[in-house]
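Peer 1: Sequence:
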Amino acid sequence: MLRVEEILCELERDGDDTKTGLPPGFRFHPTDEELVTFYLASKVFNGGYLRGLEMAEVDLNRCEPWELPDAAKMGEREWYFFSLRDRKYPTGLRTNRATTAGYWKATGKDREVYGSAGGSLLGMKKTLVFYRGRAPRGEKTKWVMHEYRLDGDFSCRHTGKEEWVICRIFHKISDKKS
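Take any residue in the sequence shown, note its place counting from 1, add 17, and you have its number in the numbering used here.
By construction, these hints were calculated from the structure, which means they are not laboratory data.
Treat the hints with caution; some may be incorrect.
The calculated lysine-lysine pairs, modelled on PhoX-like cross-linking and capped at a C-alpha distance of 25 Å, are [as the list claims (entries may be wrong)]: (1) Lys105 / Lys90; (2) Lys157 / Lys126; (3) Lys105 / Lys157.
Derived Cβ-Cβ restraints for the label pairs, each shown as a range [stated by the list, open to error]: (4) Arg151 / Asn63: 34 to 44 Å; (5) His46 / Arg154: 18 to 28 Å; (6) Gly64 / Arg149: 33 to 43 Å; (7) Phe62 / Ala134: 15 to 25 Å.
We treat Cβ as the ideally placed atom computed from N, Cα and C, and that holds for glycine.
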């Protein structure tokens, strides 16, 4: 059994969840709707965050996925970031998804994020998987990203050239049973 002094030292060293503004025992696990409305829309339209919770801003083209957990300001198994979408060409719409070691590849189709109150379209969710190497011969990894962008009710108010997204990144654990 740990002594009080050991517990206090461990809390001081680990920082617990107090750096996120959450009391011990609480975890940051927002829904898709909450990510779009409370975090992304707040960032785009107000430049701010919810009180007590700060999300890191990263350039996903300059970071490899395995470096991201250290850059996160919160999260244990899932990490959340704001990022500006980097365009592949200055006047084009295609997004640059390459890093030094590989690239993020979209899987499936984009999913719509609706508001629970009125059922209106708020944003879109894109799922991407990280591949090491260069396309088309990259090696698939277990790193997954859910990228959220504003759309629907929010997109008509957003006219800036910079497009902020919010990303949930995690390392998928194999679900094979032996």
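Peer 1: Each hint needs a verdict: does it hold in this structure or not?
Peer 2: Against the structure, the hints come out as follows:
1. Restraint check for Lys105 and Lys90: not satisfied, since their Cα atoms lie roughly 28 Å apart, outside the 25 Å limit.
2. Between Lys157 and Lys126, the direct Cα distance comes to roughly 18 Å. Compliance with the 25 Å bound is thereby established for this hinted pair.
3. Restraint check: the Cα-Cα separation between Lys105 and Lys157 comes to about 22 Å, which is no more than 25 Å; the hinted pair holds.
4. In this structure the supplied range 34 to 44 Å holds for Arg151 paired with Asn63, their Cβ-Cβ distance being about 39 Å.
5. Remark: the range hint 18 to 28 Å for His46 to Arg154 is contradicted by a beta-carbon distance near 36 Å.
6. Hint check: Gly64 to Arg149, Cβ distance near 35 Å, so the stated range 33 to 43 Å holds.
7. Checked against the given bound of 15 to 25 Å, the beta carbons of Phe62 and Ala134, roughly 18 Å apart, stay inside it.
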